[in-house]
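S.K.: The residues making up each chain are set out below.
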Amino acid sequence: MNIITCFKVVPEEQDITVKPNRDISFEKAPMTISAYDLNCIEAGTQLAEANGGNVIGISVGAKKIDDSKLKKNVLSRGPESIFMVADDKLENIDTYQTANALKAVAEKIKDYDLILCGEGSADLYAQQVGPQLGQLLSLPAINSVSKITLADGKAIVERTLENELETLEISLPAVISVTSDINLPRIPSMKQILAAGKKSATIWSAEDAGIGNLSATLGVIETKAPEQMDRKKDIVQGDSEEAIKSFITKIQEVLK
Amino acid sequence: MKVFVFAENQKALLELCCGARQIGERIEAIVINSQDDKDTEVADKVWSIPQQDNAMLEDYTETIAALLEREKPDLLIFEPTKRCKLIAGRLAAMAGTSVMTDLIELTKEGEGSHLVYGGAAIRKEKLNTSLAIATIGPGVLQGSKETGKGEIELFPFVEPIRKIKVLNKEQKPKLSVNLPSAKRVIGVGRGIAKEEDLGMIRQLADVINAEVGCSRPIAEAERWMPKETYIGVSGLMLAPEVYMAIGISGQVQHTVGMNRSKVVIAINKDKNAPIFGQADYGIVGDLYKVVPALLDQLK
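As they're listed, the protein sequences go chains A and B. Residue numbering for the first sequence follows the working numbering, beginning at 34 and increasing consecutively. Residue numbering for the second sequence follows the working numbering, beginning at 165 and increasing consecutively.
Treat the hints as calculated values from the structure; they're not laboratory data. A virtual CB, placed ideally from N, CA and C, is assigned to each residue, including glycine. A hint or two may mislead.
To be verified - What follows is a set of in silico ranges between Cβ atoms, one per label pair, in the way DEER data are often shown:
id : chain 1 : residue 1 : chain 2 : residue 2 : range
1  : B       : K236      : A       : E240      : 52 to 58 Å
2  : A       : S114      : B       : K426      : 51 to 57 Å
3  : B       : S340      : A       : E275      : 34 to 40 Å
4  : B       : A403      : A       : S248      : 37 to 43 Å
5  : A       : P53       : B       : T293      : 31 to 37 Å
6  : B       : G441      : A       : S248      : 39 to 45 Å
7  : B       : K426      : A       : L194      : 28 to 34 Å
8  : A       : P53       : B       : Q461      : 37 to 43 Å
9  : B       : Q461      : A       : A249      : 54 to 60 Å
10 : A       : A249      : B       : P390      : 36 to 42 Å
11 : B       : A403      : A       : K97       : 35 to 41 Å
12 : B       : E205      : A       : V253      : 34 to 40 Å
13 : A       : R55       : B       : K435      : 22 to 28 Å
14 : B       : L339      : A       : D144      : 23 to 29 Å
Assemble the whole structure, with the sequences as input and the hints as a guide.
M.R.: Okay, here's the thing in structure tokens:
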């Protein structure tokens, strides 16, 4: 049983800063694994532990995603190997390009039974790569999955929707997008971290993967921090009886 | 521009059709087995796909694809539900395009805006393919009253190649609160020390006639409140008349969900909490002193 787990490398969200002109700066934001994809890797690892099998981590993006610390991080969480297309041609690609690039990687790996994706990426959260990848590979695709069990060539999954819970039977191979509810990603042990250094990572260029000419379907016009609403900022300092009283007088008008 | 609309819920379909008038001249709705005249009042045309026994909504993807192929709309709008996002993604892959998801704005020119980096920024984007696909909340496009006099045309069902078997389906227990329509909302955050203390907050909510929501950690980490009640990125986006943040520091991930409130009141013991920068009224104090005093004096 080969399980492919897809992960995206994104800038650390809490270190993104806003410039005075409302532009976004990534200068202080290190690259990290998208939070939802930690759940995806964990889900793949747990399935391999329960059913036997091999977990493969795959990712596509700019050259900088080929980072030894990041790769070690992924490999310490269960996957036996990593396959990446790391090429500056794939900088800031849209979901259609991403799904096509992942498809190229999956097809090069050839032998797989299940592909897992996180429900969405921590940076753009379009929630589209899983559904698109399934369609491009002509495989069944399902999203919002909060539990997976495997049984003879099939996956039984629980799907948490807005108002319903569904239990579905999906024939494998399939592409399944998992929510953050599916598990609590493990904290790798020292042994797992050390073992990660001995695992293999294969890095391809866009040409190697046969996706040198993928053109964008989506153009980004601008990315700006939202404008702040004008607020009164009438703030009472301290919680003495008097201060609380003055606060209550102020808000009583509003709460009438 | 010719706009097609598809939704999981009828109410959303009607609202999206009305709202789509701002974007396009011709609005056509895609429905499963329309027997409801309401559908035709808002669209210039209604495409009715015969309902199939035991079919998931997702099983109509191939049929919608065939309709798009024949009718070639410029824009296809979906309600932003999980099912619709799956259908939208598969259609985009077939059509060779991407989907603009969870838009908070969509212009006549086809420029869509959505929140990125956990709400820290808004990205404006545009699809450069002949078919654009977007998922957009019903409240975003302010509905015009203009109505269409739509004819209904039957479109034949296309059998999907791959079917997923539904073994079981159950309704989630309905929430008793309806936060998006509440005029006043209290949001609670990490400042609350233990679950029992929510009782005091609920009392205050009763006194000031508000509903109670929370920040993400209260729902996801502590699990003191249902997941459906957290406010902010990937949760609720609210714009009540009064929002009272109690023990909420005001990280951007939370504030994007409440910064359209008319009046914001903040109670927090940390004077540097970012919530005060976004508040009209506030008090730097211990909520365990302030909330009981509010209860006492507002009763």
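S.K.: List in ascending order the numbers of the hints, as given earlier, that are violated by the structure.
M.R.: 1, 14
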